[in-house]
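Trainee: Kindly generate the complete structure, drawing on both the sequences and the hints.
From first to last, the protein sequence lines stand for chains X and A. Numbering-wise, the numbering used here puts 142 at position 142 of the first sequence, and it's gapless, one number per residue. Numbering-wise, the numbering used here puts 37 at position 37 of the second sequence, and it's gapless, one number per residue.
No lab work stands behind these hints: they were computed from the structure. One or more of the hints may lead you astray.
[Stated by the list, open to error] Here are the simulated lysine-lysine pairs, DSSO-like style, with alpha carbons at most 30 Å apart:
1) X:LYS180 with A:LYS135
2) X:LYS55 with X:LYS141
3) A:LYS55 with X:LYS167
4) A:LYS167 with X:LYS141
5) A:LYS180 with A:LYS115
6) X:LYS115 with A:LYS180
7) A:LYS141 with X:LYS180
8) X:LYS135 with A:LYS180
9) A:LYS115 with A:LYS55
10) A:LYS180 with X:LYS141
Residue-level listing of the chains:
2 protein chains.
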Amino acid sequence: MIRDLILKNRSYRRFYQEVSIEFATLRELVDLARLSASAGNVQPLKYILSCNPKKNALIFPHLAWAGYLKDWPGPCEGERPSAYIIIVGDTEIGQSFGCDHGIVAQSILLGATEKGLGGCMIGSIQREGLREVLKIPERYKILLVLALGRPRETVVIETVGPNGDIKYWRDSEGVHHVPKRPLNDIILDES
Amino acid sequence: MIRDLILKNRSYRRFYQEVSIEFATLRELVDLARLSASAGNVQPLKYILSCNPKKNALIFPHLAWAGYLKDWPGPCEGERPSAYIIIVGDTEIGQSFGCDHGIVAQSILLGATEKGLGGCMIGSIQREGLREVLKIPERYKILLVLALGRPRETVVIETVGPNGDIKYWRDSEGVHHVPKRPLNDIILDES
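Mentor: Below is the structure:
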């Protein structure tokens, strides 16, 4: 059931870093992206893959993790992602990428979840630094970084309370709590 | 397998209009959206549902269909969507919606596909006209319209040829052909 997969597909930020991910796996995930919808079927997105520790270490410092957890600088060595898929927009194909990167990111993460992996869509990126270390040509606009690995944390969904606070938080056991708005609050009109 | 669902989830534009869709079904689909990722967990998206013929008829004229099929003005009466989910951004919650609408649109359409339905993400919308007929307050930015129904056409995926043409086309049998770029063309770097 797709609902079970969507429920299991939480944003994970701590991983069993020693569990490696093969290139073949990343290619299978990008193929799910390839087969997903694209506005006007233009398909302007391209993908940079990383699953070796050296390249992963170049990428990691350019990502911001869990903005609401002020005391947590991100996953420590040993709990970092085993792989990344960087989604870029090819400006020689299109100038606007609409929400294509959201569509494909969801396909990729659902595919990863099915494989017992998990990850996080990261939009808070030091783009120029990342471009420099990976020598990404200016032609490509950096849109999203997907961090991937075998999840090493528990994430639970809760309901946003009356104060409307949507900030996720981590309890003393390290469990990550994510408040989601109730269904009736997000459906405006079903007349 | 998520791959099978993604393959089955094509953009459909002709439907068995007489096959109705219940509100409860649309609510289940929006719940999949609700449980999907949102940048900073802000969850600024809201949803307007329609599954009655009168409201559907108000929405339909404000949508542009299949831009590359110049001789086809869109589905005729009898082949139109049975339902719509309009995704809007609540500007009292956020000003920027990133690619959140792409993430949720993919969740919704995968959920619809699993239910034997199908649809199309439509971004080419006469927004002011749609706002007016549905009396959508200015507070809500219209992002995407998802047209839904039981598909009444065959869609096949092909590989983009050497000329790079990505325009979908319809053959004399009415089969809709969609060229997708090959995997090796969209993976930039897997060193």
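Trainee: State for each hint whether it applies.
Mentor: Evaluation of the provided hints:
no. : hint                   : result
1   : X:LYS180 with A:LYS135 : 27 Å, holds
2   : X:LYS55 with X:LYS141  : 19 Å, holds
3   : A:LYS55 with X:LYS167  : 36 Å, violated
4   : A:LYS167 with X:LYS141 : 23 Å, holds
5   : A:LYS180 with A:LYS115 : 25 Å, holds
6   : X:LYS115 with A:LYS180 : 24 Å, holds
7   : A:LYS141 with X:LYS180 : 21 Å, holds
8   : X:LYS135 with A:LYS180 : 27 Å, holds
9   : A:LYS115 with A:LYS55  : 23 Å, holds
10  : A:LYS180 with X:LYS141 : 21 Å, holds
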